[in-house]
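**Student:** Modelling step: build the complete structure from the supplied sequences, incorporating the hints.
With the sequence shown counted from 1, adding 1021 to any position gets you the numbering used here.
Honestly, the hints are just simulated from the structure, not real lab data.
Glycine included, C-beta positions come from ideal geometry on N, C-alpha and C.
Treat the hints with caution; some may be incorrect.
Okay, the calculated beta carbon distance ranges per label pair [as the list claims (entries may be wrong)]:
id : residue 1 : residue 2 : range
1  : R1105     : F1038     : 16 to 24 Å
2  : T1073     : E1172     : 35 to 43 Å
3  : G1106     : D1154     : 28 to 36 Å
4  : D1113     : E1023     : 19 to 27 Å
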Amino acid sequence: MEPRDLARVAVIEAVCFGSEAWPRRGFAELLQVFATSRPPRGGLWVAGDPATGELLGYAGIEVSALWGEVDVINIAVDPAHRRRGVGRALLDMIVRLCRRHAVPLLWLRVRMSNRTARRFYRRLGFQQRGRFDHYYQNPDEPAILMAMDLE
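**Tutor:** Structure representation (structure tokens):
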């Protein structure tokens, strides 16, 4: 992800997450932090259509201080481009990165009512590990903690 991607990322974020969407400024600040931190603290990536250059989705991770685990902090695909492998490609790239750095655990949080996303993550190898009550608002809802062992 680069600063020029932020306008489109913000649109996808708003469409996918509504009132809980991160602001464009939040992505800009993370880009800055991730670009300047040593050792790296995380990354943000976009997936684009090679034929048109259209931005289809994005993902971000935060890395633990010792690369002992990685948290998928955000992932979204434009609804018009879902079920075409974009989300899978983003997560596959993250898994490859984690394996290259010998990260043993990749985890994420997903809204309890988002059965489609939970099913998608299970198909990719994530397993439910816990629950975080009152994580989401509007409506108040738990997050399901899901993890993938990479060892």
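**Student:** Are the hints correct? Go through all of them and say.
**Tutor:** How the hints compare with the structure:
Remark: the range hint 16 to 24 Å for R1105 to F1038 is upheld by a beta-carbon distance near 20 Å. Evaluation of the 35 to 43 Å hint for T1073 and E1172 yields a pass: the beta carbon distance comes to about 39 Å. For G1106 paired with D1154, a C-beta distance near 33 Å keeps the hint of 28 to 36 Å intact. In this structure the hint that D1113 and E1023 lie 19 to 27 Å apart at CB holds, the actual value being about 21 Å.
Hint compliance for this structure: every hint is met.
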